Amino acid sequence: MIQQILFLLITIFAFAYAYKQYARIWKNIKLGQAVELKGDQSQRWRNVILIALGQKKMFKKWIPGLFHFFIYAAFIITQIELIEIFVDGIFGTHRPFASILGGFYTFVISLIEILSVLAFVATLIFLSRRNLLKIPRFHKPEMKGWPKLDGNIILYLELSLVIGIMMMNGADTVLQNMGAEHYHPTGAFAVSSWLGPTLFGGLSEGALVMVERTGWWLHFLVVLAFLNYLPISKHLHVFLAFPNVFFAKLTQKGEIPNMDDVTQEVKIMLGLIEPDPGADMSELPVFGSKDVFDLTQVNLLNAYTCTECGRCTQACPANITGKKLSPRKIMMDVRDRMEEVGKNIRENKTDCIAEAKKADGVILSKDNYDDGKSLFDLISDEELFACTTCNACVEACPVLINPLDIIMQMRRYKQLTLSEGPSDWLPMFNAIENSGAVWQLSTERDAWKNDL
Amino acid sequence: MAELAAQGKSPEILFWVGCAGSFDARAIKVTKAFVKILNAANIDFAILGQEERCTGDPARRAGNEFLFQMSAMMNIETLNQYKFKRIVTTCPHCFNTFKNEYPALGGDFKVVHHSEYLQELIADGKIRITGDGEVKGKKITYHDSCYIGRGNDIYEAPREVLNALNNDIVEMKRCKSNGLCCGAGGAQMFKEDEPGDKRINTERAEEILDTGAEVVAANCPFCITMLEDGIKEKDAQDKVTILDLAEIIADSMDNV
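Note that the protein sequences, when read in sequence, are chains L and C. Under my numbering, the first residue of the first sequence carries the number 82, and numbering increases by one thereafter. Under my numbering, the first residue of the second sequence carries the number 526, and numbering increases by one thereafter.
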């Protein structure tokens with residue numbers, strides 16, 4: 082009875098806290114600009130099935146792809162056992178599904194066990210890949226400190242989940258063999274039927290019950306810890322990969338989206354349309370993106386989905402040749418800035434209200450936010466202007482994150498709003514404007530045909 | 526084009542030459558090779574001549590959206606005056622802007638890149654490959670330009686053009702969707718590199734040398750410039766030649 086009450090209290094507390102955290106993520110994503118979804122809806126669902134559910138792009142690197150698949154499959158199928166843990170925890174039962182499902186129960190738990198062992202092995206391999214092998218993408222400057230620890234914490238949590246399952250199932254097997262009360266037969270599970278007797282064979286009934294209960298609680302508590310750890314870690318991709326893939330751009334990668342607000346201005350400039358006489362000209366228009374408010378909600382979702390695997394950075398020609406640009410860092414910077422802004426708004430830090438909008442009773446919101454900082458404090462010009470727009474990062478991302486879109490929006494802010502950027506580009510701009518070619522030359526455009 | 530229009534004629538193909546193809550000495554060779562192929566295949570084509578403008582690609586990628594859209598709208602206005610079936614261009618950047626970016630500004634044109642168009646001509650028997658050109662017997666590797674490869678998912682057409690040659694074709698370590706950029710895209714062509722350990726074209730040149738290929742087939746004027754510089758830096762210009770697909774085909778076909 083005490084166990085049941087404790088179980089309920091912990092569960093309610095964990096879910097309430099998780100709700101608060103996921104609501105924070107939701108609100109932070111809403112700081113961005115809403116986007117109108119274009120294109121074929123069925124293609125979006127196909128992407129979710131193939132790329133998110135089917136992990137199609139993970140298999141481009143087949144070794145990590147395969148091991149990641151083990152962890153993923155174990156994660157999904159263990160949820161079945163988790164349902165039973167909740168039933169047992171609330172009603173004080175013990176493995177009620179066994180008598181209902183019979184042989185099928187034995188099969189499902191066996192499958193969970195086999196996948197858990199594979200996931201355990203995969204996790205050990207991932208830990209050594211991260212910490213022992215010198216795989217460059219795990220050792221870039223942006224991976225120092227918290228991101229490195231974060232990656233390891235997740236893996237340790239995964240190990241403890243599997244240890245919990247094996248303790249609980251292994252001890253259960255031995256107790257069943259002893260004919261202990263409550264521990265009714267479930268059929269022999271694939272792994273614990275031999276692992277249990279091997280590890281816990283000589284223990285007394287009391288000790289075995291202790292091991293079984295400890296494993297049960299360990300597994301359950303780690304699941305709740307995991308749920309609440311995700312929103313502060315890089316590991317949100319387990320949920321967000323699905324919406325992220327759904328909302329990803331469907332058009333050709335080569336296309337850089339049109340700025341429709343610029344189109345209006347250019348049409349007026351070329352005399353193609355008349356300016357709207359009622360238009361408010363008091364404020365200079367802002368073009369491009371300076372901060373998270375200017376980015377789209379899809380960009381921000383991208384940032385929370387990024388699990389810092391670094392496939393983008395590993396493929397980036399600028400990064401490969403030693404430039405500062407790292408597409409992964411761009412995503413991490415956007416997320417960090419989003420967290421910072423979100424926290425200030427949640428805490429209603431009124432000193433972050435823009436000077437012009439300060440007044441009694443005004444609450445800090447995304448519409449009056451100005452803390453004197455922006456994405457440009459985190460992302461330097463050197464990074465932005467090293468990009469070749471080659472789309473290698475976009476191609477490399479297993480969950481369709483698009484760092485290039487953010488880089489382009491920030492370049493646009495630099496050029497269009499600040500009139501800043503590499504001075505090398507000015508002759509090219511002038512040439513296009515004045516002579517309609519990328520170089521200013523005295524020869525005629527079709528001079529080449531004279532000596533055909 | 527203006528002359529043809531005045532005579533009331535509308536050609537099948539509008540050959541979009543592009544800035545590099547018009548002004549850059551190296552790219553002009555590609556332009557001429559492509560014209561040679563068009564003539565050999567008896568294609569009814571025209572160029573815009575003085576009326577052609579930069580598509581705006583480097584301006585947009587540098588972040589200068591105003592300049593891009595100005596240039597784009599002027600081109601769209603010019604092109605809308607004329608009748609033709611398709612635009613063919615030897616520049617992946619021009620191709621990409623026409624195909625993916627002009628529609629948002631009201632410019633809907635059918636456009637093909639010359640690597641696809643050459644494949645078409647070969648498949649239709651419009652040109653006959655003899656394989657007796659400069660590249661005969663040489664090992665060739667193909668460099669995927671970003672805006673034909675990843676940008677537009679065209680990986681097979683250029684390779685099929687090369688397959689018509691009967692040469693030994695090898696792939697670089699990073700090819701197709703994993704292909705490595707030459708370093709020119711995103712308007713990098715027009716600026717100095719940001720600080721780093723080496724230039725991107727040097728990295729690519731090393732990869733080319735690893736294949737042992739004697740000829741690199743490219744399909745972008747900016748890639749050609751970059752790769753030639755990279756190969757020169759490695760002092761390997763005597764061992765490796767960078768050629769456009771059009772140059773290879775023009776030199777390996779029956780002259781009609």
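To be clear, the hints were calculated from the coordinates, so they are not data collected in a lab. Quick caveat, the model's predicted, so the values are computed rather than measured. Watch out, some of these pointers could steer you wrong.
Claimed, not checked - If you anchor each label on the Cβ, the simulated ranges turn out as follows:
# : chain 1 : residue 1 : chain 2 : residue 2 : range
1 : C       : 631       : L       : 458       : 36 to 42 Å
2 : L       : 144       : C       : 680       : 21 to 27 Å
3 : L       : 453       : C       : 695       : 37 to 43 Å
Stated by the list, open to error - Derived list of chain L stretches under chain C, where covered just means 3 residues or more per stretch with a C-beta under 8 Å from a C-beta of chain C:
# : region
4 : 323-334
5 : 350-360
6 : 504-510
To be verified - To give an idea of the chain C side of the interface with chain L (calculated C-beta under 7 Å), a few residues:
#  : residue
7  : 554
8  : 556
9  : 568
10 : 592
11 : 626
12 : 677
13 : 680
14 : 684
15 : 685
16 : 706
17 : 713
Just so you know, even glycine gets a beta-carbon here, dropped at the ideal spot from N, CA and C.
Outcome of range test on Cβ distance (residue 144 of chain L, residue 680 of chain C; 21 to 27 Å): 24 Å, holds
Can the region 350-360 of chain L be counted as covered by chain C under the rule of three residues or more with Cβ-Cβ separation shorter than 8 Å? holds (count 3)
Regarding the hint that residue 568 of chain C lies at the interface with chain L, is the smallest CB-CB distance below 7 Å? It is violated, given that the least Cβ distance between residue 568 of chain C and chain L is near 15 Å, above 7 Å.
Restraint outcome when residue 680 of chain C is required to lie within 7 Å of chain L by C-beta distance: Violated, about 12 Å.
Closer than 7 Å between Cβ atoms is the bar; does residue 592 of chain C clear it against chain L? Give me holds or violated. Holds, about 6 Å.
So, as I understand it, the hint says residue 626 of chain C touches chain L; can you test that by seeing if any CB pair is closer than 7 Å? With a minimum Cβ separation of about 6 Å from chain L (threshold 7 Å), the hint on residue 626 of chain C holds.
Tell me if residue 556 of chain C is really an interface residue toward chain L, meaning its C-beta lies closer than 7 Å to one of theirs. Status holds, d = 6 Å.
Tell me if the interface restraint on residue 706 of chain C is satisfied: Cβ within less than 7 Å of some Cβ in chain L. 4 Å, holds
Should the interface hint for residue 684 of chain C be scored as holding, given a Cβ-Cβ cut-off of 7 Å against chain L? 18 Å, violated
With 7 Å as the cut and Cβ atoms as the points, is residue 677 of chain C at the interface with chain L? 5 Å, holds
At a threshold of 7 Å, is the proposed contact between residue 685 of chain C and chain L supported by beta-carbon distances? Not OK, violated: residue 685 of chain C not within 7 Å of chain L, min 20 Å.
Report holds or violated for the interface hint on residue 713 of chain C, using the least CB-CB distance to chain L and a cut-off of 7 Å. 5 Å, holds
When each numbered hint is compared with the structure, violations occur for hints 3, 7, 9, 13, 14, 15.
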